[in-house]
Amino acid sequence: MSRVFIALQDNENSRFIVEAISEDNPNAEVKHSPAMIRIEADDRLTIYRETVEEKLGRDWDTQELQIDMISIGGNVDEDDDSFTLYWNS
Amino acid sequence: MNAKTSKRLNMKDRYRIMTRDLAWEPSYQRHEDIFPQEDFEGIKIVDWSQWEDPFRLTMDNYWKFQAEKERKLYAIFDAVSQNNGQMNVSDPRYLNAVKLFITAVTPLEYNAYKGYARVGRQFGGVGARIACQMQSIDELRHTQTQIHAMSHYNKYFGGMHDFPHMFDRVWYLSVPKSFFEDASTAGPFEFLTAISFSFEYVLTNLLFLPFMSGAAYNGDMNTVTFGFSAQSDEARHMTLGLEIIKFILEQHEDNVPIVQKWLDKWLWRGYRLLSIVGMMMDYMLPNKVMSWAEAWEMYYEEAGGALFKELERYGIRPPKFAEQTVIGKNHVSHQTWFVFYQYGHATAFNTWIPTAKEMDWLSEKYPDTFDRLYRPRFELLAEKAAKGERFYNNTLPQLCQICQIPLAITEPDDDTMISHRDTVHEGERYHFCSDGCRDIFHNEPEKYVQAWLPVHQILQGNCGGADMEKVIGDYYRIEMGEDNLEFEGSPEQRRWKQWKQAV
Amino acid sequence: MMSVNANYPNYQGPVRDRVENFHGSQLVYVLWERHLLFCAPLTFLADPEMSFVDFLSEILRPALAPHPESEQLRFDEAKWRLDGEDFQPDLEKSLIDNGIDHKSQLRLITPWLSDLADAAI
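Protein chains in written order, with this note's numbering: chain B, 1 to 89; chain P, 1 to 503; chain L, 1 to 121.
Hints in this document: simulated from the structure, not taken from any laboratory.
Here a beta-carbon is modelled for each residue, glycine too, at the ideal position from N, C-alpha and C.
Just so you know, not all the hints are guaranteed correct.
Derived contacts from chain P toward chain B, CB cut-off under 7 Å, selection only [unchecked claim]: (1) N10; (2) M11; (3) Q50; (4) N61; (5) A67; (6) K69; (7) F228; (8) S232; (9) T239; (10) M480; (11) G481.
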C-alpha cells in the first residue's frame, strides 16, 4: 500500500473539486495548509468530470485541473471523463 | 447543453493528431545524423511510439491553459503593487528568503528553459520532443514571472539588483549554478533523469510546497502566487519525469544499471542543493509552516518511498546514501544557517540569530539535535553580538569539489565531527563533503577536475584581487553595509520601522 | 575509478586548481577537530617554503583568534594529522619538507580544551 496525493491551490474552483473528490473517494483524507489543500488516499484516487460539473454548475474539462493543481504523487491516467492517480505497487 | 461529445475530438485522438501525426519518417537522412546525441550514453530506445504523455496535452490546449494561468497571476501582481503589498509581509527579515530565491532559484529556471530546448532537439520520438518544448516554454515563463513578482520588492529592498551577475560569481550561488551546469553538460537522457525525475519529481515539492505555503503564511502574495502558478506546470513536469523513467526502463534491460547510477548521483546532488531550502524554511520564515525535517519526511521519505517501491518492478532500488539524508534532516538547516551567519559579510542578504521564541520552536521540532548542538552556538554568538563583537568569519572555507558547499556538514555517525573525504587523481588531491560526492567524482573524474571553486578562484587572483572587500563589492556587486551583514541595525530594518510609523 | 562517458573520445576537462595556478603559493586546509565555531575547515594560501612554525604563528594563530578557546590553545601540545595520517611536524622545516603539499589537509586535535566541547563549538 502506498499513498497517492494531489495538492490544489486553495481557491474557489478547488473548493468544488475537493467536494467532488470527497464524494467519489470516501477514503480520501483532506488536509488544509496556508493557501493549499492536500488530498491523500491509499493507492488510488479518481476525479470524475461529471461530479465536478455537478458541483461547479458548469461544464468542466478534466484538463482544466492543470490550472488549480500544485502537485501530485502517483501515476496519472487521464481521459475526457476522469483523472486518476494510482500506484501499482 | 453539452456539445463536448459531438463536436470535439476526444483527448486521445486529439493527442495523436496533434503530436504523433505531426512527425514524419526521414527519407534521405539517417536517424543517427539527425539525432546525434541519442546513443552515446548507452541508453537503448527500441520504440519511441511507446512514449505517452499521460496528460495528453496538445499545443492548442497548452496555450489556452497557460494564458489563463498568466491572467490570474498578473491580476494579483497588479493588486499587490497597487495596494503596497510589500507592507503586508510578516516581518522584514522574511524578504531575505525572497532575495535568496531570485539569486539562487530564478536563474535555474532560465537554465532549465535552455536545457529543455536543447534536449528536446535530440530525441527521435515526437512525443518526447513536444513535451520538452512545452517544458522549455514553461521554464521561461517561470523565469519571467519570478522576475516580475520580485521587481516590486526590488523597489523597496536590497539584494535583488544584480541577480544574474551574482549567480555567475557569488560563492554560495556556485552551488546551484554548478548543479545545473552538471546536468546541462550531460547527455540528453541523463539531463531528463537529473532534472525531470530526480529534481522535479522527487525534490521540487520540498521547495515549492512548504516554502510557498510559508510565503502565504508570511503575507507575501506575489511569491505564493507565482510559486503556485509555476508549480501547476511542475505537476505536469513531475508526471513527465515519472513517465520518462518508466519509458527508459521498459525499453531495454541494459538501461537499468545506467539509470540506477544516475538516480544515485542526482538524488545526492539534489539533496545537497536543498540544504539552502531547509535553511529558508527553518530560519528565514518568521511565521513557520512546518520544519525542514517534517517536510523531508512527508515529501522524501513518504512520497519518495512510494515512488521507489513502484520502481522496484523494473529492478531499481532506492538511491544510494538515502539513509544518510534521513539522519541529515535533523542537522542540515542549522548547519547551513550557521555558515551563512558567519559569512554574512559576503551574502546579498541579511543574517541574524533566531529570536528566543524561534529557538524554542527549533527545540521543539529538533528535540535530538537543537538544544544539544545548535542552541549553544547561537547563544554564544548572540552574547558576542550583544558585546558589539558580532562574529564574522574572515577566513575562507574549504569547499567540496562536487557540491561546492563548505565542508560544514557532520559525519552521519558523529555529529561533532566534520564529514570529509578525499582522493588522489592523476597526482592531484581532491576533497569532498561526503561519500556521495566522492562517488560522483570517481565515476567521472575528467569532468569534475575543472570545477570552478569560488574560494580557489579568489586565491588564484581571478576575482578582482586579494582584498575581500573588493571581491565582495566590485566582483560580486554586493553593496557593503546595504545588502549584507547583520539584520539588527541594518538599513533595511531602519527603513521598515520608518515606513510602519508613517502608515 | 571510472571514466566519463562523453559524446567524443578522450574527454578531459582542464585541471583548474593545479599548483601552478597559485603563483608560487599552495593551498593548505586546516581543520580544528570538534571546534565548529568555524563552520568548515579553513583554506589558506601559503608559501611552500615557509617553516611550519611560521605557518602556525603568522597564519594559523591569527586566523583562530576569534575562537573563545584560542587563548588556551598551545600548538606544542596539540596532536596533528596530515591527509588522514598521524603527523609529527618538524617545526623548523618548511611546509613542503614536512610533506604538506598543495591541497593537503591538516587536522589540529586538542581534546583537552573542553569548555565548549559538548556542543563541539
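Each hint, compared with the structure:
1. With 7 Å as the threshold, the beta carbon of P/N10 comes within range of chain B, its nearest partner Cβ sitting at about 5 Å, so the hint holds.
2. A cut of 7 Å between beta carbons decides the hint on P/M11: the least distance to chain B is about 5 Å, and the hint holds.
3. Evaluation of the P/Q50 hint against chain B yields a violated restraint, the C-beta minimum of about 15 Å exceeding 7 Å.
4. Below 7 Å, beta-carbon pairs count as interface contacts, and P/N61 has one with chain B at about 6 Å; its hint therefore holds.
5. Interface restraint check for P/A67: the shortest CB-CB distance to chain B comes to about 10 Å, outside 7 Å, so the restraint is violated.
6. For P/K69, the interface hint holds, the least distance from its beta-carbon to any beta-carbon of chain B being 6 Å, beneath 7 Å.
7. Because the smallest distance between the Cβ of P/F228 and any Cβ of chain B comes to about 5 Å, under 7 Å, the interface hint for this residue holds.
8. A cut of 7 Å between beta carbons decides the hint on P/S232: the least distance to chain B is about 6 Å, and the hint holds.
9. With 7 Å as the threshold, the beta carbon of P/T239 comes within range of chain B, its nearest partner Cβ sitting at about 5 Å, so the hint holds.
10. A hinted interface residue such as P/M480 counts as satisfied when its beta carbon comes closer than 7 Å to some beta carbon of chain B; here the least separation is about 36 Å, so the hint is violated.
11. For P/G481, the suggested interface contact is broken, since its CB lies about 35 Å from the closest CB of chain B, more than 7 Å.
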